[in-house]
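Undergrad: Starting from the structure of chain A, add chain B where the hints point.
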Amino acid sequence: GAGVSQSPSNKVTEKGKDVELRCDPISGHTALYWYRQSLGQGLEFLIYFQGNSAPDKSGLPSDRFSAERTGGSVSTLTIQRTQQEDSAVYLCASSVQGAIYGYTFGSGTRLTVV
Amino acid sequence: GQQLNQSPQSMFIQEGEDVSMNCTSSSIFNTWLWYKQDPGEGPVLLIALYKAGELTSNGRLTAQFGITRKDSFLNISASIPSDVGIYFCAGQPNSGNTPLVFGKGTRLSVIA
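Going line by line, the protein sequences match chains A and B. Following this note's numbering, the numbering of the first sequence begins with 1 at its first residue and continues without gaps. Following this note's numbering, the numbering of the second sequence begins with 1 at its first residue and continues without gaps.
Chain A extracted, bound-state conformation (with noise of 0.2 Å):
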């Protein structure tokens, strides 16, 4: 597609149950970054995927996070056993090869835990 998809765009959930939340980057873009936006507070990098090679997880706050790309393309970030503090806007990018031309960022997904 033209531009960065994420889906939904906003979810409400329990807290304890789990959510994922889905990422279709820009057709050809070979890196897919995760990033969560909580209120008042900077982008936080959680999981970068790059081609082939072995995911950088380093950023995932807990066990409970998980991602994956399926076929270099589409990317699910799930959620286990949510807790509100998991509430955030998580922020799906896109590049070319790398950060250094900058990403291509999605409109996000809100997610609110009740």
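No wet-lab data here; the hints were simulated from the structure. Beta carbons: idealized from backbone N, C-alpha and C, even for Gly. Treat the hints with caution; some may be incorrect.
[What the hints assert, rightly or not] These stretches of chain B come out as covered by chain A in the derived footprint (C-beta under 8 Å, 3 or more residues):
1. 42-49
2. 98-112
[Stated by the list, open to error] Which stretches of chain A does chain B cover? Using the computed rule of at least three CB atoms under 8 Å from a CB of chain B, they are:
3. 30-43
4. 101-110
[Stated by the list, open to error] Mimicking BS3-like on lysine-lysine, the simulated pairs with C-alpha atoms at most 27 Å apart in a straight line are:
5. LYS57/A <-> LYS15/A
6. LYS17/A <-> LYS57/A
7. LYS70/B <-> LYS57/A
8. LYS104/B <-> LYS11/A
9. LYS51/B <-> LYS17/A
10. LYS70/B <-> LYS51/B
11. LYS51/B <-> LYS104/B
12. LYS104/B <-> LYS70/B
13. LYS11/A <-> LYS57/A
TA: This is chain B only, laid out in the frame that chain A set:
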């Protein structure tokens, strides 16, 4: 981990005024970028800087990559209402594919 200190946190300015915001780090960054985020949207790249001392303009925007590689500033001249939003600095600490580190943002409000 590496952090970017962005200031000010927020600004209220009159339409037509110039704006300046900056970002500093205790460590060296090889690339500096400035993004703007509108409400309900993802950040959009405004300017990218790749060399120490580089000064780059994009319309009313001007940004510089500090000579020490530990800081950058963004200036907006003659602000207009559509400049409202959150401005983020971002840096890449190493070459290659290291993910960008982002500042906490400067929230700009423009009073007509």
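Undergrad: Run every hint past the structure and note whether it holds.
TA: Against the structure, the hints:
Figure legend: the region 42-49 of chain B, annotated as covered by chain A; annotation consistent (5 residues with Cβ-Cβ distances under 8 Å, at least 3 required). Counting residues of the region 98-112 of chain B whose beta carbon lies closer than 8 Å to any beta carbon of chain A gives 8, which meets the minimum of three for the stated coverage. Residues of the region 30-43 of chain A with a Cβ under 8 Å from some Cβ of chain B number 7, which satisfies the need for three, so the listed coverage holds. Coverage of a stretch by a chain is defined here by at least three residues with a beta carbon nearer than 8 Å to that chain's beta carbons; for the region 101-110 of chain A and chain B the count is 8, and the condition holds.
For the proposed pair LYS57/A and LYS15/A, the alpha carbon gap of about 24 Å is at most 27 Å, so the pair holds. This hinted pair checks out: LYS17/A and LYS57/A have alpha carbons roughly 22 Å apart, not beyond 27 Å. Between LYS70/B and LYS57/A, the direct Cα distance comes to roughly 26 Å. Compliance with the 27 Å bound is thereby established for this hinted pair. The suggested pairing of LYS104/B with LYS11/A holds, with an alpha-carbon distance near 24 Å, which does not exceed 27 Å.
Restraint check: the Cα-Cα separation between LYS51/B and LYS17/A comes to about 47 Å, which exceeds 27 Å; the hinted pair is violated. Distance hint between LYS70/B and LYS51/B is fulfilled; the C-alpha atoms sit about 12 Å from each other, no more than 27 Å. Annotation: proposed proximity of LYS51/B to LYS104/B holds, straight-line Cα distance about 23 Å (limit 27 Å). Taken as a hint, the LYS104/B and LYS70/B pair is honoured in the structure, with Cα atoms around 16 Å apart against an allowance of 27 Å.
For the hint pairing LYS11/A with LYS57/A, the CA-to-CA distance comes to about 23 Å; that is within 27 Å, so the pair holds.
Of the numbered hints given earlier, the model fails hint 9 alone.
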